[in-house]
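*Asks:* Please build the complete structure, drawing on both the sequences and the hints.
Taken in order, these protein sequences are the chains called A and B.
Start counting at 1 in the first sequence, then tack on 280, and there's your number in the numbering used here.
Start counting at 1 in the second sequence, then tack on 46, and there's your number in the numbering used here.
Hints listed in this document are in silico derivations from the structure and should not be mistaken for laboratory results.
DSBU-like, lysine-lysine: derived pairs with alpha carbons at most 30 Å apart:
{"id": "1", "chain 1": "B", "residue 1": "K418", "chain 2": "A", "residue 2": "K283"}
{"id": "2", "chain 1": "B", "residue 1": "K89", "chain 2": "A", "residue 2": "K283"}
{"id": "3", "chain 1": "A", "residue 1": "K420", "chain 2": "B", "residue 2": "K418"}
{"id": "4", "chain 1": "B", "residue 1": "K418", "chain 2": "A", "residue 2": "K417"}
{"id": "5", "chain 1": "B", "residue 1": "K89", "chain 2": "B", "residue 2": "K106"}
{"id": "6", "chain 1": "A", "residue 1": "K420", "chain 2": "B", "residue 2": "K89"}
{"id": "7", "chain 1": "A", "residue 1": "K283", "chain 2": "B", "residue 2": "K260"}
{"id": "8", "chain 1": "A", "residue 1": "K315", "chain 2": "B", "residue 2": "K418"}
{"id": "9", "chain 1": "A", "residue 1": "K417", "chain 2": "B", "residue 2": "K89"}
{"id": "10", "chain 1": "A", "residue 1": "K311", "chain 2": "B", "residue 2": "K418"}
{"id": "11", "chain 1": "A", "residue 1": "K417", "chain 2": "A", "residue 2": "K386"}
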Amino acid sequence: MDKLLRILSENSSFTPAQLARMLGEPEDYIKAQIKAYEDSGVIRGYRAVVNWDNVPDSGVQALIELKVAPQQQKGFDEIAERIMGFDEVESVSLMAGSYDLLLTVKGETIQDVSSFVAKKLAALDGILSTATHFMLKRYKDNGVALVDTEASTDGREMVV
Amino acid sequence: MEYERKLTESIQGIRPSGIRRFFDIVNEMDNVISLSVGEPDFKTPWHVREAGIRSLELGKTWYTPNRGFRELREEICRFLYRRYQLTYDPDTEVVVTVGGSEAIDIALRCLCGAGDEVLIPQPSFVCYEPLTVMAGATPVTIETKAENAFRLTAEELEQAITDRTKLLVLPYPNNPTGAIMERDDLVAIARVIEKHDLMVLSDEIYSELTYGGKNHVSIASIDGMRERTVVINGFSKAYAMTGWRLGYAAAPVPIAEMLTKLHQYCIMSSPTTAQYAAIEALRHGDQDIAGMRSEYDMRRRFVVGTLCDMGLDTFTPEGAFYAFPCIRSTGLSSEAFCTRLLHEKRVALVPGSAFGDSGEGYVRLSYSYSLKHLSEALSLIEAFIREL
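*Replies:* Given below as structure tokens:
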């Protein structure tokens with residue numbers, strides 16, 4: 281995998297000058313690479329990894345499994361694109377297996393999410409069934425541990 | 047009781063480690079960002095841990111043969127040949143030890159004693175001098191210099207030799223400088239060694255961690271040197287296996303026999319679980335090493351570049367995982383620099399003077415930390431220097 285993308289995907293706060301040093305490339309080259317990735321849509325944005333569990337009143341999250349009737353010509357794309365238009369929806373993926381689309385949905389309360397599923401999602405043409413799973417606690421997200429574990433602490437000692 | 051009279055003069059005469067002394071202070075403080083630890087931040091690769099766990103599940107908890115499992119010795123010999131073109135007989139020329147440290151200790155005790163002088167290039171790891179003293183011999187230090195890329199030169203070696211010189215300790219790739227010795231350097235050293243009929247203890251524990259395409263060269267692979275060399279290596283740095291405590295020595299039969307005899311009496315056999323894990327590491331661990339090496343290399347470039355940019359004259363390390371910037375431009379001693387940095391910015395480095403008098407004017411900074419951690423610490427060091 282591209283090393284530049286790997287570093288940025290772990291931590292996007294390094295400056296081009298720092299990245300240039302790590303990778304042993306000129307700074308201008310790094311800037312051009314990043315711009316090319318942004319222009320071509322490989323890099324879609326930069327944001328903080330927030331542990332919402334530690335933020336009071338940050339709402340609830342749910343995973344929703346959807347079974348969908350695929351449409352002529354368009355397959356699952358049309359319905360997926362309609363669903364991703366809702367503000368409540370954070371992610372949409374087409375899955376292999378016992379259901380078709382997997383959504384991550386955010387709301388202020390469980391009632392908000394329930395009413396979104398009942399009134400907006402289920403009402404769409406082509407939705408055959410929904411299964412909603414509310415998240416209780418997140419341990420790891422986007423490759424980042426959200427809780428401190430014994431395995432993640434630096435237990436190294438000065439021994440000599 | 048007057049314990050001073052009960053304990054030997056030699057052990058009482060040995061200075062406590064300079065690193066330890068400094069870290070007794072660090073341990074008293076909270077929220078310190080450390081760049082001081084001398085071991086990989088990576089965990090032992092999972093398949094290697096699994097091999098150890100599996101051996102425990104099977105109840106393989108007995109002693110091993112004194113020299114270590116034959117299977118392990120075979121893999122060690124294959125590794126030494128594959129990586130450094132060294133040829134050793136697994137039955138008679140290898141002994142598996144408790145870390146490289148035990149190998150250093152028993153090699154010194156087998157090769158030198160009262161009246162012998164042992165040459166120790168410095169800056170270097172802190173154990174050679176005390177262990178030489180405990181072997182009854184006399185340590186003689188050789189100061190390596192930044193202008194020679196901290197390599198040992200034939201002239202420096204020649205100048206340090208007396209009628210009593212018996213052994214040269216060759217600690218490359220070097221902790222703390224990050225220096226390596228290339229083939230030409232070793233050839234020049236080898237001629238002096240032969241001329242004066244000396245032996246070599248080559249501590250190659252960092253041999254897998256060299257950068258810029260410069261693979262490690264063992265002095266034992268230089269013409270005429272195999273018969274004069276004890277090669278010491280281990281699993282700690284290459285495979286991130288420090289806590290397993292496993293290393294080895296490879297040497298010609300007459301030496302290996304004596305090493306085994308001493309090892310048999312003081313250790314009996316090295317940890318069994320660790321030996322099972324090490325077999326797996328040698329068989330299937332080359333990719334793990336390559337991955338970690340590439341990660342260290344990225345950090346090395348980042349750290350050295352950043353230190354140079356903040357005005358610290360920093361030798362470009364080609365091995366191990368340490369940067370060794372010169373801090374003379376700040377007007378502070380190594381110890382004062384580290385103490386003030388610790389108190390003013392809560393960043394812990396190791397004073398260069400801990401690695402011998404010739405380390406004065408330098409500090410050791412370990413880059414076996416995540417890029418994020420390194421970046422935070424370097425920003426604080428930069429602020430510290432700016433405010434001086």
